[in-house]
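So that you can map any letter, position 33 of the sequence shown is 33 in this note's numbering, and since no number is skipped, the others follow by simple counting.
Think of the hints as simulated: they come from the structure by calculation, not from any bench.
Fair warning: this is a prediction, and the values are worked out from it, not measured in the lab.
Below, in silico cross-link-like pairs of lysine to any residue (SDA-like), each with a Cα-Cα straight-line distance of 25 angstroms or less: (1) LYS513 - LYS551; (2) LYS175 - THR15; (3) LYS239 - ARG319; (4) LYS551 - THR533; (5) LYS207 - ARG177; (6) LYS296 - ASP39; (7) LYS410 - GLY96; (8) LYS453 - ASN434; (9) LYS65 - PHE433; (10) LYS380 - LEU89; (11) LYS551 - GLN464; (12) LYS318 - ASN289; (13) LYS551 - LEU525; (14) LYS296 - ALA257; (15) LYS515 - LEU527; (16) LYS425 - GLN522; (17) LYS380 - ALA127; (18) LYS336 - GLU467; (19) LYS209 - LEU198; (20) LYS64 - ALA35; (21) LYS336 - ARG418; (22) LYS318 - GLU281; (23) LYS277 - GLN160; (24) LYS209 - MET265; (25) LYS209 - GLN41; (26) LYS401 - GLY379; (27) LYS239 - HIS151; (28) LYS277 - GLU195; (29) LYS296 - LEU173.
Derived DEER-like restraints, expressed as beta-carbon distance ranges: (30) GLY415 - ASN6: 57 to 67 angstroms; (31) GLY311 - ASN6: 18 to 28 angstroms; (32) ALA493 - LYS453: 11 to 21 angstroms.
A virtual CB, placed ideally from N, CA and C, is assigned to each residue, including glycine.
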Amino acid sequence: MKEKNNLSPVERIKTSSDGLRGTLKESLHDQITGAIREDDQSLIKFHGMYQQDDRDRREERSAKKLEWLYSFMIRLRLPGGLISPEQWLGIHHVAGEHSTGVIKITTRQTVQLHGILKSHIKPTIQAFNTLNLDSIAACGDVNRNVMCSAHPGQSAIHEQVFAFADKISTLALPKTRAYYEIWLDEEQIADRKEEDPLYQDRYLPRKFKIAIAIPPNNDVDVFTNDIGLIAIVENNELKGFNIAAGGGLSATHGNAATYPRLASMLGFVDAEEKVLKAVYEIMTIQRDNGNRADRKLARLKYTIDRMGVDGLKEELEKRCGFKLEPARPYTFATRKDQYGWQQNHAGNWYYTVFVENGRVLDEEQLPLKTALYEIAQTGKANFRFTGNQNVILSDVQDEDKPLVDELLEKFGIAGHTRRAGALRKNAMACVAFNTCPLALAEAQRYLPSLISKIEPLLEKYNLQEEEITLRMTGCPNGCGRSPAAEIGLIGTAYGEYNLHIGGDRIGERLNTKYKDSQNEEQLLLTLDELFHTYVNERKDGDNFGDFAYQKWIQGK
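Start from the sequences, fold in the hints, and give me the full structure.
Rendered as structure tokens:
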């Protein structure tokens, strides 16, 4: 293939990196700059980090002929998003000592810290290690954090399904010891042999994402992943998984060769051994066939569209040594979080806290970070992160529920969760400014105020209780999953967004661009018009996404 002789620069960096070691040790010891060497900026992603800078201060520092204010983001690997109260306490302290102090819950059920200076990276990683936490493969061209439907109350066998997240994460870990040597001072063995049958020395062509959904809730947006596993549960017995492949939401403005895509259904697999084998071999197919010349076309979705779904399935069955069965029936009815108190079949309690855009910090009217710290100190609740950037205080015993509830009320967290409107609770935004180098427009810093201006429109049309999904991203890379929302806002320039509409409520249909580069005034005017038409022409049972698709997308 042509791309094998025309590798992207990142491919050459990976293969010559000595198992992802590169010159990271030398970069760390260079005190002249707050940055690391250029090649190492690609390699550090495999260790769960990104080099960033404060974009709010670029102009000021450039005017003073100062280096940009470089820092690092570190993301944890938390399969399924579960940690203990002791681990939350530890993360709280690490955030305060080494980062901006804000704990960011991501759209992939983990947490990340921003603003970590180069000299603080190693102490941060070592502190996480004492908590039995790591950031291995949380970023980079490998399998990233494996997601699983978050709320144990939705299935009596949640724990059994949840265990697959950890098994898949372990299966797909890189075999190199570089992380342990560089950050944890493990002694490097001179004649080491680090055979890695999965990643070899080239890893994957691009990032790889896996999620596990438990119907009827698609809270992980399973079809937006490279591999989506849908648990088939009959009479409280796990029969196996439907496997879908080829999802991914990133695109590039002005490049028609790039596009968001939902995963295609491949079939059903029953036994655990077969499920893990199928996941593994889909990854090897992507490793061997993915585009290594153009990173914009390197995700599995493009590999599948080149091979064809049937071609991929045929190759998968050949590599697995068994046939996939036809997909089993299932139904998704929702993909939202269940806020407030819920109880599972075993009598344990779960409280889902609304965390706007996943930002855990103390604000004057809402000391969320302090509240979660106080709850963790009781030791009475585990912490489960959701794919919608919230946290579930989980596994609370019946006798401990009053104590946890008292703290939720004391710090105003319960009231905050109750008062938030439906649109706000279902909204999501990526990080964008000030740290993401790809951002063209604001997202998480701006969306709350925009929602405050949209809510009066909803009240005007008596739509405030409608469970409309609205998502915003600062660029078209899709980190906030905006293409899979009923209303998607995708940044094109500072203060301007493409408006997309017509996605469905359960994550089985992408939205479509409706208007280009809208500023706030234009967005509000357009949404006013859309809501007016929706209220006056909808039929009973029509949600906004389905109505918009039929009226303005299909009707074109």
